[in-house]
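A.B. asks: Listed in order, the protein sequences are those of chains R and G. If you read the first sequence in the numbering used here, its first letter stands for residue 2, the second for the next number, and so on. If you read the second sequence in the numbering used here, its first letter stands for residue 359, the second for the next number, and so on.
Please keep in mind that the hints were generated in silico from the structure rather than gathered at the bench. It should be emphasised that the depicted structure is a prediction, and the values quoted were computed from it without experimental measurement. One thing to keep in mind: the hints can contain errors.
Okay, derived cross-link-like pairs now, DSS-like style, lysine-lysine, Cα gap no bigger than 25 Å in a straight line [as the list claims (entries may be wrong)]:
#1 G:Lys-646 <-> R:Lys-165
#2 R:Lys-107 <-> G:Lys-646
#3 R:Lys-71 <-> R:Lys-165
#4 R:Lys-165 <-> R:Lys-107
Okay, the calculated bits of chain G under chain R, using three or more residues with CB under 8 Å as the criterion [stated by the list, open to error]:
#5 571–585
#6 609–619
For glycine and all other residues, C-beta sits at the position ideal for the given N, C-alpha and C.
Residue strings, one per chain:
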Amino acid sequence: MSRTVTTQRKMITTAAAWTIGLVIFFPIYWTILTSFKTEAQAINDPPLFFAFDWTLENYALVQERSDYMKFLWNSVIIAGGSTILGILVAIPAAWSMAFVPSRRTKDILLWMLSTKMLPAVGVLYPISLIFVEFNLLDTRGGLVVVLMLINLPIIVWMLYTYFKEIPGEILEAARMDGATLKEEILYVLTPMAIPGIASTILLNFILAWNEAFWTLNLTAANAAPLTAFIASYSSPEGLFFAKLSAASTMAITPILILGWFSQKQLVRGLTFGAVK
Amino acid sequence: MATKASRSAARFMIAPAVVLLLGWMLVPLIMTLWFSFTKYLPLRGDSIDRGLDWVGFANYGRFLSSSSFWPSVQTTLVMVGGVLLITLVLGILLAILLDQPMWGQGVVRILVIAPFFVMPTVSALVWKNMLMDPVNGIFAHLWRFFGAEPVAWLQDASLSSIIMIVSWQWLPFATLILLTAIQSLDSEQLEAAEMDGAPVLKRFWHIVLPHLARAITIVVLIQTIFLLSIFAEIFVTTGGAFGTRTLTYLIFQRVIDSQNIGLGSAGGVYAIILANIVAIFLMRIVGKNLDA
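Looking at chain R on its own, in the form it has when it is part of the complex (with noise of 0.2 Å):
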C-alpha cells in the first residue's frame, strides 16, 4: 500500500494550509488594501475591508509631497550598481575557485564568508569618516561601494556554487580546441552559466534593496533610497495610515514580485549551498 491520501485528509491541510498563509500575508495585504482608503475610512471602527470607495489619492498625494520617484531612483541605483559591480567583481574570482581550485580555495571562500559576520555598528564611525574623507556621505557612489562589500561575500558564494556545477571536462575539451582564457569564458562559460549568473542578480539586488543599516546612516537627502523615505514616516503626523500604506505598497511592491521568483535561489544563495 502506498501512502494514499484521502479527500478529506487533503481537504483539512488545505485549509489549514489556505488559513496559516493568510495570517501570515495579513499585514501586507491590510497594506495594500489601507492603501486605497481615505483617511477616515483607514482607521474605521470596524476595520473596512470591501465597502469602501477605493481611491489612489493617496499615491498621488505620496508621489507629490514626498518626491517618490527620487527615492525610487535612488534605491534603483544603489541596489543595481552595487549588484552589477559585485558580479563584475565576483565572476572571475568565483570562476578561478570553481575550475582553479586550490589547497587555498576553500579558506578563501570561508574567509570571505567570515567578513560577513563583522557587525556593521561596530565600524560604522570609520566608515562615516572615510566617506566625509572621500566626499562620498549622502552620493549614491559611496552606497554602491559600501554595499557592493556587504553582499560581495555572498554573490561570490552563489557564483562559486552555481560555476561548481558545471562539468569541467566541457572546459577542458574547449582548451584542447585552442580556446584561449578569454575566448574559454566569454564563449564556453558564460552561455552556461548565464543561469545561475541571472539567480545571483535577482537575490542580491533584494538583499541591497532592502538593507537599512548604512542606507540610514550615510545618506540624507540626496542619496536616499526607499528605506529612507518609509522611515521619514516613523514620526505620526495626525492621520496618515492611508498615506503610509500607499508609500509602503510603492516600496515593496517591486521587490516582493522579483522575490516571488527568486524563493529556490533563495534558500540555495543564504545557505552558502549547504541545503539543497
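Given chain R's structure and the hints, the job is docking chain G onto it.
C.D. replies: Leaving out everything else, chain G in the frame of chain R:
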C-alpha cells in the same frame, strides 16, 4: 588539469575580490580598535588631526561597567533567542504542513514567503501603526471586539512586540529552508515506519527531526548573525526605549547620539568578538559541507 598559466591567471582573477574585502575588513577594524583606546569626543574638539589621547583600556572598562551594558546584552539574548525559538518551532510545523499534498500549494508558499521581501523599515512601520497602534490598529479593533482593553504594544510589551515583528520577517526564511530539507527526506523510510505502526510523534522525533538537523543548524546560525545586528526595526519602532536597547543599538547611541567615539568603539569591539564567536561555529558547519 590546470596549467601553470591558468593557475597564475586564477590568482590574478581572485585578487580584486580578496583585496577589496581585505580592505573593507581591515581598515575600519583597525580604526575602531585605535579609537577604542582613545578619548574621542568630536563635540568637545577631539579630532584625528589634532591627535587623540591614549587612555588604555578605560573605554572597555567603562562600557562594561555602565548600567546599560548588561541589560543590553540581556535584551539582545532574549530577542535573538525568542526569534530563533518562534521561527524554528513554527517553521518546522509549517514546513511539515506545506509538504503535505494540498490544493494551491504554490500560492500558499507565495503567501508565506512574502514577509521576507518586505524591507525592515516598512515592516516595522506597518506593524507599529497598522497593527499595533493602541487606538487604531487592527489588534486594538480585535481586542475591543472581544470586549478587552487594547494593549499599548510597543510600550507595555515592547520587547515581545519587536520579537513578534522580527519573527514575522524571518519565519519565511526558516520555513523555506526547512521545507527544502524536508522535501529531500526519503519517503520510503517514513512509509516503512508508518507500516510498522510507529505513531506520528515517534516518526517525527526519530526520522524527521534528525533529517532536519543540518537545516536547523543553518537556520540558527544564519539568523543569529543577522539578528545580532537588528537595527531598523528598533530604530523605527521604539528608538531603543522601553527595554528594547540591544547591544547593537546601545553602541549606535554611544557613537551617534552621544558622539562618544572611544566608548562606542570599545562597545563595537565587544560586538565584533561576540559575532566572531558565533561565526566560528558557522564556519565549521558550512566548512564541513563544502567539498572544495
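A.B. asks: Please go over all the hints and tell whether each is borne out by the structure.
C.D. replies: Results of checking the hints against the structure:
1. Pair hint Lys-646 of chain G plus Lys-165 of chain R holds up; C-alpha atoms about 17 Å apart against a cutoff of 25 Å.
2. The suggested pairing of Lys-107 of chain R with Lys-646 of chain G holds, with an alpha-carbon distance near 10 Å, which does not exceed 25 Å.
3. Taking the CA atoms of Lys-71 of chain R and Lys-165 of chain R, the gap is about 40 Å. The hint is violated against a cut of 25 Å.
4. Restraint check for Lys-165 of chain R and Lys-107 of chain R: satisfied, since their Cα atoms lie roughly 13 Å apart, inside the 25 Å limit.
5. Coverage of the region 571–585 of chain G by chain R holds [criterion: at least 3 residues with CB-CB distance below 8 Å; count 5].
6. Residue count for the region 609–619 of chain G with a Cβ under 8 Å from a Cβ of chain R: 5. That meets the three needed, and the coverage hint holds.
Against the hints set out earlier in the document, a violation occurs for number 3 only.
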